[in-house]
Amino acid sequence: MSCAACVRRVENVLLNLSGVESVTVNLVTGRAVIIHKDNWAGIESIKKAVEREGYEFLGEIVEAGEDPLIELQEEEIRDLKRRFLVGVVLSILIFLGSMYHWFSPLHGIPARFINFVLFFLATPVVFWVGNRFISGALKAARNLTMDMNTLVAVGTMVAYLYSSLATFFPRLFYTSSISPHVYFDSAAILVTLILLGRLLESRAKRKAASAIRRLLDLKPKTARVLRNGAELDIPAEDLVKGDLILVRPGERIPTDGVVVSGITTVDESMLTGESIPVLKKPGDTVYGATINERGSFTMEARKVGAETTLAGIIRLVEEAQVSKAPIQRLADKVAAVFVPFVFATGFVTFFVWYYLAPEPAMNRAILNFVSVLVIACPCALGLATPTAVMVGTGVGAENGILIKGSESLEKAYKLTTIVFDKTGTLTKGKAEVTEVVTVGKVTEEEILEMALSMETLSEHSLAEAIVRKGQKEGFVPEKVESFEAVPGLGIRAQIMGENLLLGNERFMEEEKIPTLEVREEVKRLTREGKTCVYLAREGRLMGVMGIQDVPREEAKDAIRSLKAMGLKVVMVTGDNQRTAEAIGKEVGIDRVVAEVLPEEKAAVITGMREGGEVVAMVGDGINDAPALSVADIGIAIGAGTDIAIEVSDIILIKNDLRLVTAAIQLSRETMKIIKQNLFWALVYNVIGIPVAAGALYPFFGILLNPAICAAAMALSSFSVVTNSLRLRKLKR
Numbered sequence: 119m120s121c122a123a124c125v126r127r128v129e130n131v132l133l134n135l136s137g138v139e140s141v142t143v144n145l146v147t148g149r150a151v152i153i154h155k156d157n158w159a160g161i162e163s164i165k166k167a168v169e170r171e172g173y174e175f176l177g178e179i180v181e182a183g184e185d186p187l188i189e190l191q192e193e194e195i196r197d198l199k200r201r202f203l204v205g206v207v208l209s210i211l212i213f214l215g216s217m218y219h220w221f222s223p224l225h226g227i228p229a230r231f232i233n234f235v236l237f238f239l240a241t242p243v244v245f246w247v248g249n250r251f252i253s254g255a256l257k258a259a260r261n262l263t264m265d266m267n268t269l270v271a272v273g274t275m276v277a278y279l280y281s282s283l284a285t286f287f288p289r290l291f292y293t294s295s296i297s298p299h300v301y302f303d304s305a306a307i308l309v310t311l312i313l314l315g316r317l318l319e320s321r322a323k324r325k326a327a328s329a330i331r332r333l334l335d336l337k338p339k340t341a342r343v344l345r346n347g348a349e350l351d352i353p354a355e356d357l358v359k360g361d362l363i364l365v366r367p368g369e370r371i372p373t374d375g376v377v378v379s380g381i382t383t384v385d386e387s388m389l390t391g392e393s394i395p396v397l398k399k400p401g402d403t404v405y406g407a408t409i410n411e412r413g414s415f416t417m418e419a420r421k422v423g424a425e426t427t428l429a430g431i432i433r434l435v436e437e438a439q440v441s442k443a444p445i446q447r448l449a450d451k452v453a454a455v456f457v458p459f460v461f462a463t464g465f466v467t468f469f470v471w472y473y474l475a476p477e478p479a480m481n482r483a484i485l486n487f488v489s490v491l492v493i494a495c496p497c498a499l500g501l502a503t504p505t506a507v508m509v510g511t512g513v514g515a516e517n518g519i520l521i522k523g524s525e526s527l528e529k530a531y532k533l534t535t536i537v538f539d540k541t542g543t544l545t546k547g548k549a550e551v552t553e554v555v556t557v558g559k560v561t562e563e564e565i566l567e568m569a570l571s572m573e574t575l576s577e578h579s580l581a582e583a584i585v586r587k588g589q590k591e592g593f594v595p596e597k598v599e600s601f602e603a604v605p606g607l608g609i610r611a612q613i614m615g616e617n618l619l620l621g622n623e624r625f626m627e628e629e630k631i632p633t634l635e636v637r638e639e640v641k642r643l644t645r646e647g648k649t650c651v652y653l654a655r656e657g658r659l660m661g662v663m664g665i666q667d668v669p670r671e672e673a674k675d676a677i678r679s680l681k682a683m684g685l686k687v688v689m690v691t692g693d694n695q696r697t698a699e700a701i702g703k704e705v706g707i708d709r710v711v712a713e714v715l716p717e718e719k720a721a722v723i724t725g726m727r728e729g730g731e732v733v734a735m736v737g738d739g740i741n742d743a744p745a746l747s748v749a750d751i752g753i754a755i756g757a758g759t760d761i762a763i764e765v766s767d768i769i770l771i772k773n774d775l776r777l778v779t780a781a782i783q784l785s786r787e788t789m790k791i792i793k794q795n796l797f798w799a800l801v802y803n804v805i806g807i808p809v810a811a812g813a814l815y816p817f818f819g820i821l822l823n824p825a826i827c828a829a830a831m832a833l834s835s836f837s838v839v840t841n842s843l844r845l846r847k848l849k850r
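Each residue of the sequence shown is one higher than the last, beginning at 119 in the working numbering.
Hints listed in this document are in silico derivations from the structure and should not be mistaken for laboratory results. These figures come from a predicted structure and were not determined experimentally. Any given hint could be a false lead.
[Said to hold, decoys possible] For each label pair, taking beta carbons as the anchor points, the in silico distance ranges come out as:
{"hint": "1", "residue 1": "Glu411", "residue 2": "Gly558", "range": "48 to 54 Å"}
{"hint": "2", "residue 1": "Leu474", "residue 2": "Pro242", "range": "33 to 39 Å"}
{"hint": "3", "residue 1": "Gly177", "residue 2": "Arg846", "range": "25 to 31 Å"}
{"hint": "4", "residue 1": "Pro605", "residue 2": "Lys532", "range": "49 to 55 Å"}
{"hint": "5", "residue 1": "Phe175", "residue 2": "Val455", "range": "25 to 31 Å"}
{"hint": "6", "residue 1": "Leu336", "residue 2": "Arg260", "range": "40 to 46 Å"}
[To be verified] Cut-off 25 Å, straight-line C-alpha distance, at most; resulting in silico cross-link-like pairs (BS3-like, lysine-lysine):
{"hint": "7", "residue 1": "Lys546", "residue 2": "Lys772"}
{"hint": "8", "residue 1": "Lys703", "residue 2": "Lys681"}
{"hint": "9", "residue 1": "Lys548", "residue 2": "Lys772"}
{"hint": "10", "residue 1": "Lys166", "residue 2": "Lys257"}
{"hint": "11", "residue 1": "Lys421", "residue 2": "Lys772"}
{"hint": "12", "residue 1": "Lys674", "residue 2": "Lys532"}
{"hint": "13", "residue 1": "Lys399", "residue 2": "Lys590"}
{"hint": "14", "residue 1": "Lys257", "residue 2": "Lys199"}
{"hint": "15", "residue 1": "Lys532", "residue 2": "Lys793"}
{"hint": "16", "residue 1": "Lys772", "residue 2": "Lys686"}
{"hint": "17", "residue 1": "Lys359", "residue 2": "Lys337"}
{"hint": "18", "residue 1": "Lys641", "residue 2": "Lys559"}
{"hint": "19", "residue 1": "Lys790", "residue 2": "Lys686"}
{"hint": "20", "residue 1": "Lys548", "residue 2": "Lys590"}
{"hint": "21", "residue 1": "Lys772", "residue 2": "Lys847"}
{"hint": "22", "residue 1": "Lys399", "residue 2": "Lys337"}
{"hint": "23", "residue 1": "Lys339", "residue 2": "Lys421"}
{"hint": "24", "residue 1": "Lys532", "residue 2": "Lys681"}
{"hint": "25", "residue 1": "Lys674", "residue 2": "Lys686"}
{"hint": "26", "residue 1": "Lys793", "residue 2": "Lys529"}
{"hint": "27", "residue 1": "Lys703", "residue 2": "Lys546"}
{"hint": "28", "residue 1": "Lys630", "residue 2": "Lys641"}
{"hint": "29", "residue 1": "Lys703", "residue 2": "Lys686"}
{"hint": "30", "residue 1": "Lys548", "residue 2": "Lys674"}
{"hint": "31", "residue 1": "Lys847", "residue 2": "Lys681"}
{"hint": "32", "residue 1": "Lys166", "residue 2": "Lys155"}
{"hint": "33", "residue 1": "Lys532", "residue 2": "Lys790"}
{"hint": "34", "residue 1": "Lys790", "residue 2": "Lys681"}
{"hint": "35", "residue 1": "Lys337", "residue 2": "Lys772"}
{"hint": "36", "residue 1": "Lys359", "residue 2": "Lys399"}
{"hint": "37", "residue 1": "Lys847", "residue 2": "Lys532"}
{"hint": "38", "residue 1": "Lys847", "residue 2": "Lys790"}
{"hint": "39", "residue 1": "Lys548", "residue 2": "Lys703"}
{"hint": "40", "residue 1": "Lys641", "residue 2": "Lys548"}
All C-beta atoms in this analysis are idealised placements derived from N, C-alpha and C, irrespective of residue type, glycine included.
Kindly generate the complete structure, drawing on both the sequences and the hints.
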């Protein structure tokens with residue numbers, strides 16, 4: 119496909135197939151996404167329909183296979199280079215021959231003989247160098263349609279055929295009192311310059327597709343497996359679930375699985391963006407395409423082929439790049455009527471100049487007709503949106519932001535309100551001991567050591583936080599001589615002959631343990647949304663530990679940057695009001711909606727939308743799924759649950775809330791580029807077509823040579839793609 123009219127034609131022919139409900143065709147990726155009923159025409163009918171329209175059918179995309187379009191793009195670029203070089207050499211010779219009166223050695227040669235030479239030099243340029251334009255125009259004509267190839271082919275052939283008649287049958291012109299000028303140079307330079315534009319465009323489109331190509335390059339080619347007691351090297355696509363795989367230092371992990379034996383560190387930066395290697399031990403999950411750094415280990419394959427995390431990322435990026443943004447539908451509608459409009463304008467231009475202009479009227483009418491056809495290229499219009507979407511989604515994927523569709527990319531820039539879940543999203547999702555208050559001469563170390571010893575045997579939700587804190591401080595649990603868990607209150611234990619109590623305030627009250635000494639500190643901890651755990655020894659209070667699900671380190675920066683972008687930030691949580699407000703205050707969120715059930719979260723989002731807000735919901739858990747689905751944009755933390763990821767529009771692979779800001783900024787920049795592309799593509803035609811038709815001639819005597827129009831057309835397409843590539847400079 120070469121322009122927006124091609125896209126429209128392919129979409130229409132596929133939509134006419136039996137059982138097909140919708141079709142989206144992408145000019146840049148050369149792909150179509152078809153949604154159909156169970157009872158439909160089938161793949162073979164797609165092949166016949168596409169080939170009947172004159173396009174090449176490359177088959178259904180296979181998840182584990184290589185993209186056939188990549189090699190075809192490389193071959194196309196090589197072919198364009200060859201044809202362009204031949205076109206340049208012959209066009210230079212034709213230009214020199216056309217301007218023979220500038221060169222004294224050529225003055226003695228008859229003009230008619232020079233015209234014959236020019237004809238033989240121009241013929242391969244028009245019919246071999248420019249073959250793709252002629253064949254494309256013929257395909258369109260067979261289907262009673264027109265596209266960019268039609269414009270170029272007709273413009274070139276008019277100049278070529280007129281010049282051929284003037285060369286072989288000059289008497290036809292003399293009898294009509296017309297000077298037989300030839301325009302072989304215009305035809306040749308026209309084809310060569312347009313081919314240059316196509317070459318530059320193809321190279322730029324290849325760069326735009328580089329994100330997918332880099333992801334595909336990450337896929338390991340082979341795997342070393344243990345089968346029937348022997349080590350075998352097999353292609354990675356032949357792996358099956360349950361295979362035992364040996365991974366050595368420096369190798370890419372072949373697929374997703376679980377470590378069975380060995381300890382190592384793995385570079386997961388391609389997946390999470392985190393440069394620090396991750397320690398992996400038996401039972402830990404490892405991901406395909408990540409790099410094993412230090413130790414050898416054995417793993418069991420759990421996901422293979424299209425099920426792996428990398429395959430999922432590639433699939434999401436591909437779907438986003440093929441999808442069609444709402445703003446592109448405007449360009450499609452314009453493209454549907456654009457080429458017929460240009461031809462109508464061209465014919466009006468020809469007749470006006472032929473009947474109303476001074477001599478040589480025929481020459482001027484033909485040149486202006488050709489100029490109008492050539493300068494009005496719909497390529498830029500067709501490339502304006504898909505190239506920007508393709509680069510934008512690719513940049514997002516490289517920075518840990520997976521955007522499921524171009525509609526999400528377009529909608530994100532309109533956001534006015536960002537709603538965050540608390541637990542696991544704004545906070546780490548794991549309680550931590552944040553503060554220890556001691557009584558009398560008791561030290562913080564004593565409290566942590568005793569609490570660690572008791573909680574090691576406990577299954578309470580807060581026990582893990584105390585155990586982590588004690589182990590982090592380097593304490594070793596003492597032997598517990600007796601242990602009793604008191605439901606709803608705490609733990610009663612004996613260590614080194616001393617009776618210890620660990621639990622809440624009510625436990626202390628029931629055991630008649632005075633807490634007056636820490637009352638003010640407890641009030642402060644409570645105001646800060648922390649849970650207080652008391653420790654007593656032999657009937658006397660030792661101290662209190664404040665435990666809290668703490669905010670992520672980057673949460674405050676993320677909220678600050680969102681506010682700086684002019685967005686409202688809200689927290690919605692099922693936690694109690696006091697704790698929620700404490701976390702909100704700490705990270706900088708002013709509006710907090712607390713103590714809401716999952717379905718109530720969705721109602722809160724719906725209420726905001728009904729109030730005119732464009733809302734994004736950021737969450738990670740199953741309880742966030744309803745709110746993620748009703749929001750204008752659902753943003754899931756990548757480490758969240760599968761259901762949260764499934765219903766969301768944007769996935770943050772890394773648990774970094776600053777990616778929320780980056781995603782919105784990426785959307786804004788992408789939309790800015792799309793609007794620039796569409797504006798300049800339309801303005802280029804609005805200005806270029808009248809000028810090419812000769813609108814400035816009565817005032818300034820300005821007429822555009824077809825070669826200049828060809829250069830302008832090539833530049834317009836190249837500039838649109840190049841402008842889209844500016845998105846690659848965005849850094850997180």
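(request) Hint by hint, work out which the structure violates, then give me just those numbers in ascending order. (result) Of the numbered hints given earlier, the structure breaks none, since each of them holds.
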